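Participant: Please take these sequences and the hints and turn them into a complete structure.
In order, the protein sequences belong to chains A and B. The opening residue of the first sequence carries number 7 in my numbering; numbering runs sequentially from there. The opening residue of the second sequence carries number 1317 in my numbering; numbering runs sequentially from there.
Heads up, some of the hints might be wrong.
[To be verified] Within a straight-line C-alpha distance of at most 27 Å, the following computed BS3-like cross-link-like pairs (lysine-lysine) qualify:
#1 K243/A to K254/A
#2 K1327/B to K34/A
#3 K655/A to K1327/B
Note that these hints are calculated values from the structure, not bench results. Since we're looking at a predicted model, the values are computed, not measured.
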Amino acid sequence: MTTTSSRGRRRAPSRIERAAGKAAALQKPRVILALLLLLALTSVMLLDGYLRAEVGGDQRVRTGASASKVPDKVLDGGPILTFQGGQATTVSVPDKTIALTFDDGPNPTWTPQVLEILQEYDVPGTFFLVGSMVSRYPDIVKDMVDEGNEVGIHTFTHVDLSYQSDARVDREMEQTQLALAGAAGITTTLFRAPYSSETDAIDNYSWPIYKKLGEDGYTSVFVDTDSDDWKKPGVSKIIKWATPEDGKGASVLFHDAGGERSQTIKALPTYIEKMKAAGYTFTTISGVMQEQNAAARQASGTGGQQAAGAAAGANGEQAGNVPNGQGGTGGNGANGANGQTVDRLQAAHREATGVTLYEGKALIAAVTLAEWTVPTLSVGLMVVGVAVMGRFGMMLILARRHYRKRNKRRFSWGPTVTRPVSVIVPAYNEKECIANTLKSLAKSTHPIEIIIVDDGSDDNTSEISREAARALGMTNVRVIRQENAGKPAALNNGVRSARYDIVVMMDGDTVFEPDAVHHLVQPFADPKVGAVAGNAKVGNRNTVIGAWQHIEYVMGFNLDRRMYDLLRCMPTIPGAIGAFRREAVLEVGGMSEDTLAEDTDITIAMHRAGWQVVYQEHAKAWTEAPGSLKQLWSQRYRWSYGTMQALWKHRKSLTDKGPSGRFGRVGMPLVVLFQIITPVFAPLIDVFTIYSMIFIDFQAALLAWLAVLGVQLGCAAYAFRLDREKYRYLLMMPLQQLAYRQMMYLVLIHSCITALTGGRLRWQKLKRTGEVGTPAGVS
Amino acid sequence: MFVDNSGRRSKLLRRIGLLMGVGCLVYAVVLGAAFMGWGTSLAPSSLLPFGNGGPGGAQNSGPGGYQPQGGIGTPPSMPTGTPPSGVATGEPPSSAPTATATASAAAN
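Facilitator: Structural data, given as structure tokens:
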């Protein structure tokens, strides 16, 4: 009792320490940077989704609602609705006057064409802009305003506001104002609700919104004649529908966006010409209000001349309703310099200043960045898709061909190799494993000499090896001790001491199958073969991480190596099991300490020297894979960093001639594509899946993700079949793929950063448990 | 391979990293602010140069409930008179009294 409690007490601070350690790890600059990048990526994707109405989009449109609560004078009134001191007032367009209004823009294709037409005929228009489009195409809006057109708000995402909360309505308006401020340096007081048309279509649900916005100071603008151009009814019908009766004035609705608008573009010049010929003048919404205002003043408040002015007593208010008098606009209009006419036509505009202006500009910049980022990511995703699928296709074809070719009854490398070979076992603190390793070698069916190179171990590895050799009655074991100098030096030491012309290299923690050496050296019957890669198997596959690596090894060795073998550009002979021609190793200068992946380095060097490197699937060795995520991380970190070093070291092969150039032009791109580019972009599969699942189509996204998984699963199953492995480990595959993608990505980024900063990366020895036994015990 | 003993590269990269981090943070904050409408108040009534209680509310002695209180309900009330030259270039505050006078004169 006391013991446990005291132990518990003693343990408590260590737990805190551990938590503190984790907290400290989270504060590492690179972790913070990674999290910030993730935050920015999330923002970019959410923004992009919001702009495309994938995030927060709402397709609902209300129809057929009652209008019982809407005042009759509004329903029957003119198309311009303002609220004076809370009192609804409508203004109609004077006779023989047209206010051209364009909804849903800007659009990069059609809006510039509309603007050109308006310029040509020297008529102003009023554009009700969708904020998201404004932020995506700010230049068009700037031109639009500079050319003297008026702009109004058509919400940010073109939603039916009657379904939205007050807060959303406010946000839609403010966001659009910000976008306008960023694009053209103005804000506006004009508003038109999406899906609105004539005033008599106002219903009980939309009325409160007009009222609220009106009280905020917005002027809601409706329609007298609707061209219905979005129905694409043909030019003549558009013109007919847009024309008011009997010389009346009208606020006319066209669309410069939201679909294919060539009919609008065609109809517009004809329409303008026709109306001009009929004696009409063109103005903006503010222009209409000015005119009515002047008319009301002339009538000195005792009754209007215009039909819309019929609501007696409203005239005075109407007068006060004009969004901006000429007097005050001097400093307000976006282009006060253009003179008073233009000013009056853009009286609804306010100059954006201060925070609004800068925040607006920042918004535009943020949108621009998102508009660039998301397509780039999509290209990345496409690269991954093509790479993953292409690789699998290629692997399936080549692996099959490789399997058929090498397992043909009549296939042979040449006369059977029976001469003895040297097995080099570099060992650094391998006391747990070395005895097992020796035991497995003792059963070798091929004559061998064993050279254990003790790389300055301090755990009696040498003694234990000698002891084990004596116990096993092996006379062919030599133990060489050297000062701790690293694995490459130990291997070189072993190669120098080897008596035979073929050297087999293995790790101190690896266990060979009895016939492994025999199979491994057979390809040397072909004098062109300089090195052979064996088939490494994960021994400790009964943990989650072990199973992951098992899948990876089976796929990696079986499919990848078979493919690389046939393409004659194997990038790596595994350190766990590989054989070399001694002269070839010496020819390329032995193992080098230039890189952390000496196995990749020397394999590439062999290729460059013109030797063939092949894969021998039947030579099986059991190795102990990293048992924890942390160890796996550090192993992969070293591998990917080492691979990058090796690729960089041999970069000249790209321009070489002969076999070196061949590897440079075939092998290098493949390795770069599959081991660097693919892992960097692979997490995009999951990022886009999550995004699509949340915001677009849950089922379709999930299905797409599962389809990718299915392809991978199929390939893995094929690999398992070729290796005669049990399929049950494939159950771990979905999780493995998900976890591996993120881990390999992080590992790669980590090693890229290390490479860029030029930091020194040291060999880290993996912790061994020695649990990998003889093959029989494992399988 | 890749080892840089001078430490200059790592310093440069650290700076780039810092810059990127700050950039990312700023990006997220700007978007958040723009989305939520923080830091700006963009309803036209609050953008008006003439502030609250413009002449619009005073005229016609409309229903008391609709008297502008605070910012809400203040319409974009601007002088309706036509002083083409006098006030045109004036800053909003200086033109305010004149404008109000004109407007109320017109209303009365």
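Participant: Now look at each hint and say whether the structure bears it out.
Facilitator: Right, here's what the structure says about each hint:
{"no.": "1", "hint": "K243/A to K254/A", "in the structure": "19 Å, holds"}
{"no.": "2", "hint": "K1327/B to K34/A", "in the structure": "16 Å, holds"}
{"no.": "3", "hint": "K655/A to K1327/B", "in the structure": "24 Å, holds"}
Consistency note: the structure conflicts with none of the earlier hints.
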